[in-house]
Amino acid sequence: MGNMKQDTMPVIADLRDFDTRTGNLLERLVFNHRPLFVLGMALITLLLGYMAVTRLEMRPSFEKMIPQSQPYIQNFLENRASLRGLGNSVRVVVENTEGDIFDPEYLEVLKQVNDELFLTAGVDRAWMKSLWSPAVRWTEVTEEGFQGGPVMPDTYSGQPADIELLRQNITRAGIVGSLVASDFKSSMLIVPLLDKDSATGRGIDYHQFSQVLEEKLRDRYEFAGARATLQADEEGQGKIKIRVIGFAKLVGDLIDGLILVMMFFAIAVATAFVIILLYTRCLRSTLLVIGCSLMAVIWQLGIVAWLGYAIDPYSVLVPFLIFAIGVSHASQKMNGIMQDIAQGTHQLVAARYTFRRLFIAGVTALLSDAVGFAVLMLIDIPVIQDLAITASIGVAVLIFTTLLMMPVALSYVGVSAKAAKRALTIDSNAAQHRGFGKLWDLLDRFTTRRWATGAVLVALLLGIGGFMVSLNLKIGDLDSGAPELHEDSRYNRDNAYITGHYALSSDLFAVMIKTPAEGCLNYRTLVLADRLAWELQQHPGVQTTVSLVNAVRQITAGSFEGNPKLSSIQRNQDMLNYAAQQASVNAPELFNTDCSLMPVIAYLKDHKAETLDEVVAIADRFARDNSSEERQFLLAAGSAGIEAATNIVVREANRTMLFYVYLAVTLFCLIAFRSWRAALVAVLPLVLTSILCEALMVYMGIGVKVATLPVIALGVGIGVDYALYLLSVQLHFQRQGMALSDAYRNAVSFTGRVVGLVGITLAAGVVCWAWSPIKFQADMGILLTFMFLWNMLGALILIPALSYFLLPKQRV
Amino acid sequence: MCSVRQYVRLALCATLVLLQAVAQAAGYVDVLELPAKPSALAQRSPLLDVARAGERLVAVGQRGHILYSDDAGQSWQQAAVPVSADLNAVHFPTAEQGWAVGNDGVVLHSNDAGQTWSKQLDGRAIGALLVEHYAALASAEPGNEQWPLLVAEGERLTAEGADKPFLDVWFADAKRGYAVGVFNLILATADGGQSWTPLQDRTDNPQGLHLNAIAFTGDALYLAGEQGLLRKWDAGQERFVAVASPYQGSYFGLIGSPGELLVYGLRGHVFRSRDGGSSWSQLDSGLQVSITAAAQDARGDYRLFTQAGHMLRAGADAALQLLPQTQQSPVAGAVLAGDGGLVLVGARGARTLSAE
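Protein chains in written order, with this note's numbering: chain A, 2 to 813; chain B, 124 to 479.
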């Protein structure tokens with residue numbers, strides 16, 4: 002074992018030989034009042050645990066996922082109340098798998114579904130639409146004027162004549178593609194939701210609403226009570242299928258996903274337990290490591306709950322990270338204490354020695370983690386900022402739980418004698434080039450000319466190759482459907498079905514046209530809206546557009562007996578007023594109450610970043626050319642509009658964040674090593690990992706998005722830990738005059754095992770996210786695992802290789 | 124010297140930039156001033172009429188779109204059009220000379236078989252035409268109460284601006300033609316559209332019903348319109364005179380040849396006359412949808428098309444025969460193409476029906 006440790010810390014077997022007045026103030030404060038300290042920690046844990054249990058809420062808020070100060074988003078938020086058509090509704094499709102909708106049995110089920118939804122709390126009944134809604138009507142021009150009636154015949158009793166009439170009414174009403182699928186195998190219920198429940202006055206509980214949909218509709222009609230199949234996220238095999246999409250359903254599914262991810266925490270804990278146990282072979286200290294790390298998680302959750310933060314799909318990941326970081330630090334403490342005990346030091350003294358030795362190193366490492374989190378504050382997306390804050394809290398908590406509590410607890414519990422002996426054996430084996438020693442020998446070769454050149458060349462090739470691949474890196478979400486969930490999730494399968502069988506996609510990009518009151522039925526406004534729509538339609542990614550103009554054209558033709566030649570925008574204001582008045586009944590979502598805001602909605606074929614960028618460019622150019630005092634064209638609303646804005650912010654943030662995180666890490670290394678060469682040795686492997694991570698994203702089809710930003714910051718921020726551990730020790734020995742090879746060998750045998758352990762525990766903490774039903778969590782899990790492991794390898798191999806070139810003896 | 128010139132140039136440049144900026148700040152360009160945009164989507168977007176210009180087909184539609192096809196509707200090129208108003212009808216009396224009319228009272232002319240178009244008239248000038256024409260008549264014939272009313276009508280049109288659409292156009296030859304539209308709007312020209320004369324006083328239409336269509340059947344010129352309006356040109360009286368109408372609903376068009384006349388309109392109504400409109404018999408379409416277009420096929424049979432895209436054939440008997448189609452979309456105009464097939468236009472653009 003390195004001399005570094007035992008410089009000033011003699012082996013003291015008897016406690017009476019130990020002077021309790023030694024050590025710094027903090028050490029004396031804690032270790033000389035151990036019972037009081039432990040009691041305090043226990044009380045705080047109880048209090049915060051109580052907080053966490055009673056106050057913690059799960060609340061995925063979509064507002065928090067969007068960049069609040071991006072101009073497009075501000076336009077959207079300002080005018081949100083006026084955008085009824087883009088509001089919060091759920092689309093329920095009832096499909097007949099054994100026939101078409103003209104089946105009395107199907108229509109009966111549809112009626113029950115309709116009634117069930119109508120009575121569900123939170124539904125805005127007045128605007129609900131389905132084949133069974135009296136408000137869904139057909140109209141026809143006759144010699145005497147308009148004639149019309151409800152699509153579902155008033156006297157419907159399931160007779161063939163009724164069905165025939167229904168068939169005719171559906172054609173006359175022109176609802177094929179909107180309420181009725183183009184293949185007539187399904188029909189849709191459009192269910193707008195209230196912002197607040199009219200009975201209770203409180204906001205809608207989306208999770209509960211989603212549960213109602215599952216239990217009352219899907220369970221009953223699609224699965225006929227076969228719960229197991231339902232819960233397996235599979236589709237029912239019966240005659241009727243219920244497909245649901247919409248914001249509320251998505252949130253419901255996300256919360257379900259959150260609950261599952263919280264279960265993963267148990268797996269992460271079990272994995273860490275096994276790893277530590279394998280490493281130490283000492284049950285009591287393993288339990289202690291896990292316990293202290295769990296304590297950090299309880300504290301973190303308690304404080305977060307106390308401060309009023311909720312658990313969302315991003316912040317749910319913080320406990321995993323905190324736990325993993327906690328485990329790795331606690332293991333180091335245990336490692337140190339174990340070695341001292343093995344050499345015969347009393348466990349309390351050993352604990353104090355370890356504290357002295359590792360407290361500063363631990364704080365430094367935690368600080369570098371904190372840098373990774375802190376940089377996230379720069380991203381103007383609340384959910385990421387919340388992640389940064391809650392994670393910073395967690396890191397701060399770790400100082401108490403793992404850096405202080407762990408050694409104190411170990412001073413009571415100690416380690417098993419067998420394990421301590423084993424630790425000693427491993428070290429002596431290593432010194433004699435046996436066991437782990439062989440591995441260290443292998444790594445040591447990278448300090449020689451041939452191996453160093455080879456490693457640097459391979460790294461360079463990987464870097465160049467990775468960079469070439471990473472040029473294809475895309476921004477945004479690349480798959481169709483709701484990006485939050487997997488492409489093959491039930492929600493996205495339903496979404497694909499609905500997109501495939503109905504005319505309108507679910508990727509809406511809206512430009513808002515803002516005018517003074519009554520301005521939306523101004524002739525010029527309508528003409529410009531029509532021109533904008535036409536320009537948008539020119540893009541191949543635009544399926545179709547919808548705005549008040551469509552209604553005006555249709556109603557104008559209608560008032561000329563349906564003459565197709567008058568499907569136009571007339572200059573006559575009376576005619577436009579009439580059209581708007583009719584539209585306010587038939588299509589109220591196309592403009593707001595005082596006619597000062599109308600959206601032009603483009604339905605996009607996908608939400609790929611290029612599509613969004615190009616559509617934004619078209620709309621933006623049009624807006625700049627045509628906005629005036631009396632009429633502003635404002636980007637952007639709708640799901641695709643928000644995503645376009647988010648992409649813009651993410652692209653920008655990705656660059657600035659990389660810049661700042663590397664700046665911070667480099668400064669950190671410069672301060673720690675006081676040598677630019679050493680800083681370079683520490684940072685270059687991280688750069689390689691960052692490049693390869695981007696290449697991996699290209700390979701796996703993951704775009705740069707809100708969820709991947711934290712990964713990049715954390716990968717670098719936590720990744721530099723390894724370099725700090727290894728390089729600081731190596732430099733210490735080099736500066737004492739050792740040759741690079743010996744210095745590295747010493748560093749590796751002293752902290753190399755810890756580097757390995759940290760890499761593995763961190764990776765184990767996040768790898769199970771890969772199975773999360775929430776897609777971006779899975780992406781984060783995969784990428785973080787990659788970064789944690791690759792950074793570890795990079796540190797162990799590239800630090801010696803780069804040191805060979807950059808840190809020769811005379812340059813240290 | 125040189126520097127002075129440069130200054131002048133700079134100043135000019137600056138003025139131009141400024142002017143451009145002013146133009147941009149003004150922003151809005153009226154549909155009558157804004158040239159139609161070329162677009163690959165034009166042939167799949169709403170088209171409202173199609174006509175033959177020799178072997179060529181010319182179709183017109185929304186946003187000033189005019190398309191021409193030299194391969195019987197298989198492929199289309201977009202013409203250069205100085206306006207972006209919706210266009211409703213097109214007619215070529217010769218292979219080269221053609222006229223298109225539409226919204227905002229716009230009349231366009233082409234003398235190169237539809238490749239380029241120039242504006243001959245728009246709705247902003249129509250009111251003045253009426254005022255001038257009927258004021259002259261009023262001063263010539265002070266006792267006639269009709270003239271002051273028509274002068275007033277002209278003044279009203281001027282006040283309301285270009286808001287009256289033309290719905291149909293027909294030219295006898297490269298000189299003489301008519302454009303008709305809503306509220307009894309009707310203009311005639313005898314000089315290929317250089318000047319236009321209002322005919323509002325010669326349609327026997329005091330209620331000002333819409334004139335939906337004008338058609339020549341080889342032996343007579345007819346107007347069809349709102350509320351059963353049916354008129355026939357009487358060369359002797361130099362006016363359109365009333366024809367006994369079999370129906371009080373609106374007609375959307377008529378088609379015919381010497382000895383046979385079909386008129387069609389709302390809710391599947393079709394009537395046939397073999398005696399120039401003196402007597403009529405109803406042809407049963409079996410449909411409740413409006414019939415909006417008609418054309419003669421290669422065999423000389425009349426085909427009728429509905430707003431929902433049905434195709435009917437008028438045979439010898441009283442019932443129309445519903446013909447099957449592979450695809451069905453609304454039809455607003457139809458024409459027999461050079462290859463014997465039919466070309467249909469409508470809300471979803473142009474499509475072809477092969478000869479069989």
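There may be inaccurate statements among the hints.
What the hints assert, rightly or not - The calculated label-pair distances, taken between Cβ atoms and stated as ranges, are:
{"#": "1", "chain 1": "B", "residue 1": "A367", "chain 2": "A", "residue 2": "Q574", "range": "54 to 60 angstroms"}
{"#": "2", "chain 1": "A", "residue 1": "Y700", "chain 2": "B", "residue 2": "G177", "range": "56 to 62 angstroms"}
{"#": "3", "chain 1": "A", "residue 1": "F119", "chain 2": "B", "residue 2": "A441", "range": "31 to 37 angstroms"}
{"#": "4", "chain 1": "A", "residue 1": "Y700", "chain 2": "B", "residue 2": "T475", "range": "44 to 50 angstroms"}
{"#": "5", "chain 1": "A", "residue 1": "Q539", "chain 2": "B", "residue 2": "P329", "range": "31 to 37 angstroms"}
{"#": "6", "chain 1": "B", "residue 1": "L164", "chain 2": "A", "residue 2": "L668", "range": "36 to 42 angstroms"}
{"#": "7", "chain 1": "A", "residue 1": "A127", "chain 2": "B", "residue 2": "S452", "range": "31 to 37 angstroms"}
{"#": "8", "chain 1": "B", "residue 1": "F306", "chain 2": "A", "residue 2": "S585", "range": "36 to 42 angstroms"}
{"#": "9", "chain 1": "B", "residue 1": "A218", "chain 2": "A", "residue 2": "E145", "range": "43 to 49 angstroms"}
{"#": "10", "chain 1": "A", "residue 1": "A127", "chain 2": "B", "residue 2": "E268", "range": "53 to 59 angstroms"}
{"#": "11", "chain 1": "B", "residue 1": "A365", "chain 2": "A", "residue 2": "Q539", "range": "46 to 52 angstroms"}
{"#": "12", "chain 1": "B", "residue 1": "Q451", "chain 2": "A", "residue 2": "E615", "range": "56 to 62 angstroms"}
{"#": "13", "chain 1": "A", "residue 1": "E615", "chain 2": "B", "residue 2": "S452", "range": "25 to 31 angstroms"}
{"#": "14", "chain 1": "B", "residue 1": "D407", "chain 2": "A", "residue 2": "E106", "range": "23 to 29 angstroms"}
Unchecked claim - Just so you have them, the derived chain B footprint on chain A, three or more residues with Cβ under 8 angstroms:
{"#": "15", "stretch": "324-334"}
{"#": "16", "stretch": "448-457"}
The hints are simulated quantities; they were obtained by calculation from the structure and are not laboratory data. Yeah, the Cβ is synthetic: ideal placement off N, Cα and C, and Gly gets one too.
Here's how the hints hold up against the structure:
Taking 54 to 60 angstroms as the suggested C-beta distance range, the pair A367 (chain B) and Q574 (chain A) does not conform, at roughly 39 angstroms. Against the hinted window of 56 to 62 angstroms, the Cβ-Cβ separation of Y700 (chain A) and G177 (chain B) comes to about 60 angstroms, which satisfies the hint. In this structure, F119 (chain A) and A441 (chain B) break the distance hint of 31 to 37 angstroms, their C-beta atoms being roughly 50 angstroms apart. Distance hint check for Y700 (chain A) and T475 (chain B): the Cβ-Cβ separation is about 47 angstroms, which falls inside the suggested range of 44 to 50 angstroms.
A C-beta distance of roughly 47 angstroms is found between Q539 (chain A) and P329 (chain B), which places it outside the suggested range of 31 to 37 angstroms. Remark: the range hint 36 to 42 angstroms for L164 (chain B) to L668 (chain A) is contradicted by a beta-carbon distance near 55 angstroms. The hinted range of 31 to 37 angstroms is satisfied by A127 (chain A) and S452 (chain B), whose Cβ atoms lie roughly 34 angstroms apart. Here the CB-CB span from F306 (chain B) to S585 (chain A) is close to 27 angstroms, at odds with the stated 36 to 42 angstroms.
In this structure the supplied range 43 to 49 angstroms holds for A218 (chain B) paired with E145 (chain A), their Cβ-Cβ distance being about 45 angstroms. Remark: the range hint 53 to 59 angstroms for A127 (chain A) to E268 (chain B) is upheld by a beta-carbon distance near 55 angstroms. At about 48 angstroms, the beta-carbon gap between A365 (chain B) and Q539 (chain A) stays in the expected band of 46 to 52 angstroms. Taken as a hint, the range 56 to 62 angstroms is violated for the pair Q451 (chain B) and E615 (chain A), whose Cβ atoms sit roughly 34 angstroms apart.
For the pair E615 (chain A) and S452 (chain B), the beta carbons lie near 29 angstroms from each other, so the given range of 25 to 31 angstroms is met. A beta carbon spacing of about 36 angstroms between D407 (chain B) and E106 (chain A) contradicts the range 23 to 29 angstroms that was offered as a hint. Residue count for the stretch 324-334 of chain A with a Cβ under 8 angstroms from a Cβ of chain B: 0. That is fewer than the three needed, and the coverage hint is violated. Requiring three or more residues with a Cβ within less than 8 angstroms of a Cβ of chain B, the coverage given for the stretch 448-457 of chain A is violated, as only 0 such residues are present.
Hint check: violations occur at hints 1, 3, 5, 6, 8, 12, 14, 15, 16; the rest are consistent with the structure.
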